[in-house]
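Trainee: Mind docking chain B on chain A? Use the hints.
Spelled out from the first residue to the last, the chains are:
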Amino acid sequence: MSDAQPILEINNVSKYFGSVIALQDVSMFVRPGEVTCLLGDNGAGKSTLIKTLAGVHKPSEGSYRFEGNEVEFESPRQALDMGIATVYQDLAMIPLMSIWRNFFLGSEPTIGFGPFKRFDVDSAKRVTREEMAKMGIDIRDPDQPVGTLSGGERQSVAIARAVYFGAKVLILDEPTAALGVKQAGVVLKYILQAKRRGIGVIFITHNPHHAYPVGDHFVILRRGQVYGDYTKAEIPLEQLVQMMAGGADLQALSHELESASGDEGEDDLASAAREFRQEAGNE
Amino acid sequence: MTQETASPPLDERVRKVSLATRLGTRPEFGALVALIVVWVFFAIVANDNNFVSWATTAAILNRAAPLGILAVAVALLMISGEFDLSVGSVVGFAGMAIMLLVTSSSQGGYAWPLLPALLLAVVITLGVGFLNGLMVVTTKLPSFIITLGALFVFRGLATAIPRTLTNRTQLGAFDSIPGFDGLNAVLGQKVELFGARFDIGILWWLVITALATWVLTRTRIGNWIFGVGGDDNASRNVGVPVNKLKISLFMTTAFAAFLVALMQVTQFKSADSLRGELQEFNAIIAAVVGGVLLTGGYGSVIGAALGALIFAMVQQGIIITGVDGDWFKVFVGAILVVAVIFNNFVRQQAQKR
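Those sequence lines, one after another, are chains A and B. When you number the first sequence by my numbering, it's gap-free, plus one each residue, and the end is 280. When you number the second sequence by my numbering, it's gap-free, plus one each residue, and the end is 751.
Here chain A stands alone, though its shape is the one from the complex (with noise of 0.2 Å):
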C-alpha cells in the first residue's frame, strides 16, 4: 500500500497575500486509500492550504501534481471536475432542501430531450437511498429536508454525494468540528468508508484525537510551515497530541488556568488546568 505513488502532491507550495506569507515551502501528498491527516491550530494556515488544493487559490510558488501530472487550477469546479472533491464544514448543504435534491444539486440526472429534459426525480431519490446505503448510512425518507439532519449525517450525506460523483481525492474540511462526540465517531466511520473504496482523503483537523484513528499520514502545520510529516507508525497518539499545539504552550497554558483559579477558586478551572497539563506530559 505504501509504496503506491501519491494521487495527489505537493512540493515546496508557498502561499503569500501581499506582505502576509500564509504558507510557506509546504510539502505533503495522500495515496489512493490512504487517509492524509492535516493538523494545526487556528491560523495554521489549514484554510489556506484547502483553497490551494481545491482550486479556490493558485499558489505562489511551488508544484502541484495530480496523478502524475503538474497541474493548475483556474476555477473550484475545474479541481472538482479532476476529481478532487472538497467537503466544507459549512457550505456542504441547503437545509431547506430535500436530501436527494441536496445529492444532486449541480449535477442533476435528465430524462428527455429538447424543450421537454427534465429532471429525473425518481432516479434520483433512489440513487440517493442507493448510494447513502453504500456508504453505510441508512436515510429514511430522501424527501427530509437536510435541515432535519444532525451535523454528523450531513456530513455524511456530503461525503456520500462527493464520492458518488467520481471524487478520487476526498479534501475534507474540519468535518468533526461542530459536532458531538457519537456524531464524531459517525463521520469518522464514514472517513473509513471512503478510504476502503480506493479514495485519498485529506482530513482537516485540530483535533488529534479524531486525526489517529482514521489517519495513517500525519501533516502537522504551524504558523504556515510543515512543523512535522509522520506515518502513523513513527508517532504514537500522545507525542501528536504534544505537537499539535506544542507542549510548551499548554504547559503556559496550564499555569494561567491554575492561577486563575486560584485566585477565583473556581474548580472547573482548576480541573480544566489538570487535564492540559496531563496532555502537555512531562518534557
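Simulated from the structure, these hints should not be mistaken for lab results. Please note that a few of the clues may not be correct.
[Claimed, not checked] In silico DSSO-like pairs for lysine-lysine, Cα to Cα no more than 30 Å straight-line:
1) B:K538 <-> A:K55
2) B:K642 <-> A:K114
3) B:K538 <-> A:K43
4) A:K122 <-> A:K165
5) A:K55 <-> B:K667
6) A:K48 <-> B:K642
7) A:K122 <-> B:K642
8) B:K538 <-> A:K48
Mentor: Below, chain B without anything else, positioned relative to chain A:
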C-alpha cells in the same frame, strides 16, 4: 383488486402520516385554507350583494389573472432569493413602448407595423430585466435596492418619454392598428360562459402557472432555483451557474410584465403611464401569502397563484360589499397580513406533527 398496490419498502422509522398532514407540509397549503376562509367569509358577509355568483367569480378571476401572471414570475425570483420591485413600473413602461411604436407619426409615434413593434418592445423589456439582473450580480447589492431604483426610473420613463414625444401620458386607438383583431383573439377577448364574461387572460394565467410549476419542481433549473435561494455560495461550489440563473429570472419577471402590459393594452385598447402601479407589491404579497419565504429557498408557484386569487377575492369582495372607497386599502392590507399570519400558523402546525 382491493389489495394494496406494492409500494416501495418504507423504513420503519418513517411512520405513515395522514393525507392532511402530508398536504399540510406543502408550502401552498396555508394559502389554500386561507382562500377557503376568505371565500366563506365573503359568501356570508356579502351574500346579499351576490358574492356567490358567476358574475362575481368572473370578476375575481379577471382581476386575479394579470396579478397572478406577475406573481408566478416573482415567486420564482423570490425563491431564488431576490426581489423585483420594478415589475409594476415595467408593466406601464412596456405598454407605453408598444403604443409609442405603433402610434402614427402625426400623433408623435413611430408608426411601426404591429409585429416588429411587439418584437422590439419585448426585446427592450427583456433588456430591462437583464439590466436589473446584471446590476444585482455584479454590484452584489441587495436586489431590493437595485430594483427600487428601477421602479422609479421606469415609471419616470413611462411618463417622461410619451410626454416629450406626444405631449400625453395616455395613448389610445390601439384597435385601429392592423393585426389588432388577431392579437385580441389571443390575449384580450372575453369569453361568455355561464352568463358571465371571463377574460382569456385567465387561461394564460393557468398555463403559465402550470409551466412554472413544472420548471420549478421537475427540471434542473428548478433545483438550481431552490439551491441558489437556500445558499448561493454552496450552490456555486457545486457548479450551479448562479449569476446566469439570477439574470434569467429577472428577465422572466420582466417578460411577465411585458405579457401583462400587452394583455392590458389589447383589452383597454390603450396605454397609460400609470398602469401597473403598486403591482410589484401586490405580486410580492401574493407570493408570500402563497407560502414563498421572503428570504428565499422555499415556496411554490401554485401558492403564488392562489395568493393572487386571494388578493383579487378580497378586493372584489370589498368592492361589492359597498364599503366606502376610503376604507378599501385598510381592509386589503389588514386581511392580507392576517392571511400571511394564518398561513404561517398552519404551516408550523403541520410541520410539528
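Trainee: Run every hint past the structure and note whether it holds.
Mentor: Quick rundown of the hints versus the structure:
1. B:K538 <-> A:K55: holds, 24 Å
2. B:K642 <-> A:K114: Answer holds: K642 of chain B to K114 of chain A is near 19 Å, not above 30 Å.
3. B:K538 <-> A:K43: holds, 28 Å
4. A:K122 <-> A:K165: Holds, because 24 Å separates the two Cα atoms, which is no more than 30 Å.
5. A:K55 <-> B:K667: Measuring from Cα to Cα gives roughly 61 Å; hence the hint is violated.
6. A:K48 <-> B:K642: holds, 25 Å
7. A:K122 <-> B:K642: Holds: K122 of chain A and K642 of chain B sit about 27 Å apart, inside 30 Å.
8. B:K538 <-> A:K48: holds, 23 Å
Checked against the numbered hints given earlier, this structure breaks only hint 5.
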